[in-house]
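Asks: Sequence:
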Amino acid sequence: MQNSNVTPRPRKKSRSLAENVVEVMKARIRDGDLKPGDKLPTESAIMQEQGVSRTVVREAISRLQAAGHVETRHGIGTFVLERPAEGPLFIDPATITTLRDVLAMLELRISLEVEAAGLAAQRRNDEQLQEMRRLLDQMKARTEQPAEAVSFDLQFHLQIAMSTGNRYFSDIMTYLSSVLIPRTRLNSAYLAHDDQQRYQLRLDGEHEDIYNAIARQDTDAARAAMRLHLTNSRERLRRANEEVGTGQNSR
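Letter by letter, the sequence shown follows residues 1 to 251 of the UniProt record's numbering.
Simulated from the structure, these hints should not be mistaken for laboratory data.
Here a beta-carbon is modelled for each residue, glycine too, at the ideal position from N, C-alpha and C.
It cannot be assumed that every hint is accurate.
[What the hints assert, rightly or not] Derived DEER-like restraints, expressed as beta-carbon distance ranges:
no., residue 1, residue 2, range
1, Glu-107, Ala-215, 25 to 35 Å
2, Asn-125, Asn-20, 33 to 43 Å
3, Asp-101, Ala-141, 27 to 37 Å
4, Gly-37, Arg-198, 35 to 45 Å
5, Asn-125, Ala-104, 27 to 37 Å
[To be verified] Below 16 Å or equal to it, Euclidean Cα-Cα: the simulated EDC-like pairs (lysine to aspartate or glutamate) are:
no., residue 1, residue 2
6, Lys-140, Glu-82
7, Lys-140, Asp-204
8, Lys-39, Glu-107
9, Lys-26, Glu-82
Please build the complete structure, drawing on both the sequences and the hints.
Replies: Here is the structure:
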């Protein structure tokens, strides 16, 4: 007989639930239960096993994909990737915990992606451009689903890196991607004092400017559009960081 006086544990937030699913899947990959080339269980199977919603499972899979642990083949499933041994370049996402940390990572992102956009404008092919267009359209279609919009946002930036024709850009962006997109760690719409839909529409406009410059093969415009996009993110976060500091100092 169960003790009716036991207080039920509060349900964790969806972000924590997604992190839990990520850790479970990473442990299975690390322990060899899931090997390179193996197909992940279906979303429904993970939902039932972990007791979480479909949105949580999709966010977890997006994080695994962003970190280079898995890849999703549309219409087929999600598969485990080969992972190179971790060398000197290793940033643990768990260490990115404050606005100051995210600002530091965003500075690194600016240095990488501004040049990547310029090179992509020079070197992209028609197929790569079509993939950028598809990702932008998918992002816009999911304005009401922030977790899915973030996933397509990340893939759009990775596609630009791949379109440089320089594998080192795509390698480092793939490796660092799980810690480079601030909206995967912070509610940026809240920090920008904006509602989620209006915030997403503004980001869509910035992404369109980047895409159009790459489509025209305008190197300078592509660099400028990417710099403006990332600088806007940095300024929103910088202001939020200053507000946090001011609030703490006034106590």
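Asks: Determine for every hint whether it applies to the structure shown.
Replies: We went through each hint and held it up to the structure:
no. : hint                           : verdict
1   : Glu-107 to Ala-215: 25 to 35 Å : 28 Å, holds
2   : Asn-125 to Asn-20: 33 to 43 Å  : 40 Å, holds
3   : Asp-101 to Ala-141: 27 to 37 Å : 32 Å, holds
4   : Gly-37 to Arg-198: 35 to 45 Å  : 43 Å, holds
5   : Asn-125 to Ala-104: 27 to 37 Å : 34 Å, holds
6   : Lys-140 to Glu-82              : 31 Å, violated
7   : Lys-140 to Asp-204             : 7 Å, holds
8   : Lys-39 to Glu-107              : 36 Å, violated
9   : Lys-26 to Glu-82               : 13 Å, holds
Figure legend: structure checked against the earlier numbered hints; hints not met, in rising order: 6 and 8.
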